[in-house]
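The listed protein sequences derive, respectively, from chains E and W.
Going by my numbering, the first residue of the first sequence is number 26, and it counts up by one from there.
Going by my numbering, the first residue of the second sequence is number 26, and it counts up by one from there.
FYI, nobody ran anything at the bench for these hints, they're computed from the structure.
We put the CB at the ideal spot given by N, CA and C, even for glycine.
Check before you lean on any hint, since a few could be wrong.
Claimed, not checked - For each label pair, taking beta carbons as the anchor points, the in silico distance ranges come out as: (1) W/PRO118 / E/GLY246: 56 to 62 Å; (2) E/ALA178 / W/PHE249: 58 to 64 Å; (3) W/PRO320 / E/THR273: 48 to 54 Å; (4) W/GLN271 / E/SER77: 21 to 27 Å.
Here's the letter readout for the chains.
There are 2 protein chains.
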Amino acid sequence: MTPSMQPDPGAIFAELRAFERSAALKGAIDLEVFTHIDDGATTPQEIATKTSASERGVRILCDFLTMAGHLTKFGESYGLTTNSQLFLSKRSPAYIGSISDFLAGDHQREALWQVAAAVRKGGSVTDDALAPDSPIWAVFAGAMAPMVRFFAAAAIPHVVAGDVPMKVLDIAAGHGVWGITVLQLNPSAEVTGQDWPTVLEVAKENAQKAGVADRYHILPGNAFEVDFGIGWDLILEPNFAHHMDQATNVKLFRKIASSLKSGGRIALIDFIPNDDRVSPPMAAGFALTMLTATPKGDVYTFAEYERMLGEAGFHDAKLVELAPMPQRLITAVA
Amino acid sequence: MTPSMQPDPGAIFAELRAFERSAALKGAIDLEVFTHIDDGATTPQEIATKTSASERGVRILCDFLTMAGHLTKFGESYGLTTNSQLFLSKRSPAYIGSISDFLAGDHQREALWQVAAAVRKGGSVTDDALAPDSPIWAVFAGAMAPMVRFFAAAAIPHVVAGDVPMKVLDIAAGHGVWGITVLQLNPSAEVTGQDWPTVLEVAKENAQKAGVADRYHILPGNAFEVDFGIGWDLILEPNFAHHMDQATNVKLFRKIASSLKSGGRIALIDFIPNDDRVSPPMAAGFALTMLTATPKGDVYTFAEYERMLGEAGFHDAKLVELAPMPQRLITAVA
């Protein structure tokens, strides 16, 4: 990113008000504005009737959403953009609006707005989300599954190919989407999801909906304490390493290495910044989420993962780009 | 704004997390990170020592600020951008960091995050900031003055020229900066600031600091109730009309018209969107702030102001661009 070279107090004003953009989009999703427009209600009056709101409020919100690039406007009528039609209308099979419940929910906002206190302390000053069976992970699993399907569709084909028997463990499975995608791509695979018991209820339900429940198994408990067993062909660790410091990650990687078959692979999916740690934007920026929401979480570069994996006994670490998805995949061989 | 034509779930993710950018910048201002860097502390360790924070927290925050364009990074050292040096270091006479106390403060965030409820109701669901002598306006006046100086420096020369006696009333004077700028540009002008009594304390203090207190007078009370008197050459109404609906604005414009000398002028400074109501971004987007923070406030186009002013007896309404400032000026003759 090239910082502006021109003095511009308005840019600082705008940045301090960037939270309006999150609030407006979350509000519009809560009011199902995009769905109502998709159903043919396009004027403030028509949308207001559908969502039991005031015409004035709808007009102001829809103007804001147009300014922010989520709607189009012709005369007094609003329309959907490619992205809002596909992802924010409940009529679309690709609807992901539920992510706002987690990404812009109370728990996350409360943590982020205490950034100064978290910087002083060096870690989260709010409740520890990593505490056993924290209720936040059931919210997470319910809210994020629709979006993670896109991430999993980009990542999983790199580690699963063809119709061959394989035994896969999905660590911190959450909504179960990563493992379910394995089962959908490989009819001979068996997947075991590990996570807290209440979270695995969401995963089992998603496996049921996807028609793969007969090959989806569960391993409830803490990833650091529960016995993984041995003989896995592939162990997935998606979006979990960022919650811990490097020493703790090495410890878990060692446990994973000793649970894999010889030649078996680990697959890490995560926000992985470039070596400069300030790009690409979403991967680099995610470190602040970890600072404010966890005791010792962070984002790690590929070089850091390569070192941690090497220390745990892995070799042949490879980085796989998943752009335009904001995450990356790392594989390594036990 | 051209909405993206490519499906991009990451863009929705990023928008729902835009509040991180506001939180990070406010946190950095609170920790005086920019000032410490200006003082020569450039590594996480050096900055952490200066601000009594953790090195890890400082590194993560400064990486985020670099990603967001507020810092530069070379190796492990951070530097200031043109904007952060000028506006966010307390060593700069142009420091405006205090605006974060209002723009990203509890009162504003609480209102904005209830956008769905405000859309349903058609107005704010939080405390009425327009209540007599609301404490929020003293916060506003203290926080915003440094930035408004830039806006006033762009606007006031359009309505005040030379060293000629003139009697100026500043309605909803707040920090007093608009009127004080008149006094600085015209050594023969006399200014009277009207606002709630506690707010005028801030204005008087600012007039004192600017060395113009002998020509700065006050008129405490409600703009709709207090007697303006007659014979004013110029009446300023900066950032006040957006708090009210059109009928209420016409009522105040009538009162202003009857208080001006014949040929005297009103000067409105405000967020004034284009006729499409969705551009430019900050002016258009400000309507949402008014929806969520006031009972009936809004932004109005120049055509709407021209009609309201005409109804109140003004003529020759003119729109003056103040770009790159996000506000515009309207003048009209009584």
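The hints, checked one at a time:
{"no.": "1", "hint": "W/PRO118 / E/GLY246: 56 to 62 Å", "in the structure": "holds (60 Å)"}
{"no.": "2", "hint": "E/ALA178 / W/PHE249: 58 to 64 Å", "in the structure": "holds (60 Å)"}
{"no.": "3", "hint": "W/PRO320 / E/THR273: 48 to 54 Å", "in the structure": "holds (52 Å)"}
{"no.": "4", "hint": "W/GLN271 / E/SER77: 21 to 27 Å", "in the structure": "holds (25 Å)"}
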